[in-house]
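Q: If you read the protein sequences in the order shown, they are chains A and B. Taking my numbering, the leading residue of the first sequence gets 872, the next gets one more, and so forth. Taking my numbering, the leading residue of the second sequence gets 13, the next gets one more, and so forth.
Hints in this document: simulated from the structure, not taken from any laboratory. Check the hints yourself; a few may be wrong.
Distance condition first, Cα-Cα at most 30 Å in a straight line; then the derived DSS-like pairs of lysine-lysine [claimed, not checked]:
hint: 1; chain 1: B; residue 1: K97; chain 2: B; residue 2: K30
hint: 2; chain 1: A; residue 1: K937; chain 2: B; residue 2: K97
hint: 3; chain 1: B; residue 1: K128; chain 2: A; residue 2: K934
hint: 4; chain 1: B; residue 1: K30; chain 2: B; residue 2: K128
One-sided excerpt, in silico: chain B residues whose CB lies under 10 Å from chain A [what the hints assert, rightly or not]:
hint: 5; residue: L35
hint: 6; residue: V49
hint: 7; residue: V53
hint: 8; residue: M57
hint: 9; residue: N58
hint: 10; residue: L69
hint: 11; residue: V73
hint: 12; residue: A75
hint: 13; residue: L82
hint: 14; residue: M86
hint: 15; residue: T93
hint: 16; residue: Q96
hint: 17; residue: T100
hint: 18; residue: L140
hint: 19; residue: F144
hint: 20; residue: L216
Beta carbons: idealized from backbone N, C-alpha and C, even for Gly.
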Amino acid sequence: MSTEKNHIVPYRTYFFVLAGLLVLTFLSIALTSIDLGGLAVTGALTFAVIKSFLVMTWFMHLKYDKLYIILWVVFVFAVIIVTIVVTFLDYIYR
Amino acid sequence: MEQVKQIVHEHYDPEASKIGMWLFIFTELLLFGILFVIYSVYRYMNHDAFHLAAEELDTYVGAVNTVILLISSMTIAMSTTSLQKKKTKETLILCGVTLVLGIVFLVNKYVEWGGKFDHGIFPGSEYLVANFSQGEILFFGLYFIMTGLHALHIIIGLILIVTVMWRVYAGKVHAGRPVLLENSGLYWHLVDIIWIFLFPLFYLII
Chain A
872 MSTEKNHIVP
882 YRTYFFVLAG
892 LLVLTFLSIA
902 LTSIDLGGLA
912 VTGALTFAVI
922 KSFLVMTWFM
932 HLKYDKLYII
942 LWVVFVFAVI
952 IVTIVVTFLD
962 YIYR
Chain B
13 MEQVKQIVHE
23 HYDPEASKIG
33 MWLFIFTELL
43 LFGILFVIYS
53 VYRYMNHDAF
63 HLAAEELDTY
73 VGAVNTVILL
83 ISSMTIAMST
93 TSLQKKKTKE
103 TLILCGVTLV
113 LGIVFLVNKY
123 VEWGGKFDHG
133 IFPGSEYLVA
143 NFSQGEILFF
153 GLYFIMTGLH
163 ALHIIIGLIL
173 IVTVMWRVYA
183 GKVHAGRPVL
193 LENSGLYWHL
203 VDIIWIFLFP
213 LFYLII
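In isolation and in its complexed conformation, chain B is listed as follows (with noise of 0.2 Å):
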């Protein structure tokens, strides 16, 4: 009878997965890119209602949020460098900052978006269409769209970052295979980049 070798063959390619997190961004880039491409041209059409719109968002909100997502994105990089010098608890400690510090963001969003549809200022609200031009309708609504897509991204990286903290925590994302943390930090600093475009798009420019 011949015998059969069994090898036990576990794939593990960190380039291959690194490059597929890449491109996957680069998807995000784009995307959020065209975005910002609706945004400008209907800046630059509606110049006015625009200046008038904006003076309605908080900068003060906007920059707390910045600030916030600004020093998670260092704690979740310095969760990277923790992993690597073999520092469970470390890694572990960071990325629950960075867990809550995401929490936080998205709470102040709420209370933020609460209180614009608290004003009747919500996409297909009567009050919005009665009381405001055409052009101040259009930047509530890329308001509405790009804060929102974003806040689902923080969210995605969230249910990210809690799925690495168990596999930290199970001993399955270690020095020698750290690439599910490193591709979650990707994600979250992609996440920042969105954001450090966003901040003064709507709360800066007035």
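This is chain A alone, in the form it adopts within the complex (with noise of 0.2 Å):
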């Protein structure tokens, strides 16, 4: 790891980020529509969490920050995961 203000990323690296994301989209529509029932949502929906890790680690420059901020976002995401389980346990056996 780096500083930030010294860590110049190649253009190569970001188009080689968008070109993985272009992927993965064209995946997920072709993955949605062949009929796979709930499988459908568990699928969009990770290639979906895919994408964001990869648009968070480089064109947010996750990766060349400081440990605090990776550990702040992936706080945030913990959360967010934990009140989504937490209501659908409500919702589930209520």
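Two chains, each in its own frame: build the complex with the hints.
A: Here is the structure:
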């Protein structure tokens, strides 16, 4: 990890990340176009999670950021996931 | 007489600026996160109605807008690189491309929403109440609120990009002081991430 001030990310890296994002987008469209039932939701959301991971790591420079910012981001996503789980535990078992 | 020495002190703390931006982004993530929770619960309770209503949305338009937003995210990320390399002209071009792509996204959104409005599908529409079930009305309510709030974020992002371009042009944002461009970039990527989740929820999962 180098300091973000001196770290210049080459265009090429961003281009590869974009290519990855586009491939994942088309894969998720292809996946949901075939009838998978309940798996479609899981599949599409898994692709979305991977895509947002790519955007945050490279586009938002988390890869080159200090650890505490990364931990914050993880914490915020954990809060959202916990909220979803707790809400559904309530709705499913009421 | 006492000599008063005045030191010109310009406050500049890039790390604090970045922390501030991230804190703001967290509040945005929680805002949309809660909307996702609401969507999931209503989907769970009105599964068939959501399935039916989602078929009204055009996956093709959604996919085109996804591609547009992903490319725009790349161009604004590239502009931070070109600023660090002290290539002002390239920075302005890359920001300009992002701006144009953002506008194209909004035009698509306008056409898409316009089509829905023409078919009588909009919040509070009598046609909607008369012809659709409660669950379908919920789906469209969430669709308009969530994509509308997202579009509002795009508009704010575009205003930010114009401001950044102006300040880059004026020489106030440069390789030594890139924070405004970097924070605007972070904001634009946030808008991108929100769309990454909106697209499968409304257009793909049917």
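Q: Could you check the structure against the hints above and give me the numbers of any it violates, in ascending order?
A: Violated: hints 3, 4, 9, 10, 11, 17, 18, 19.
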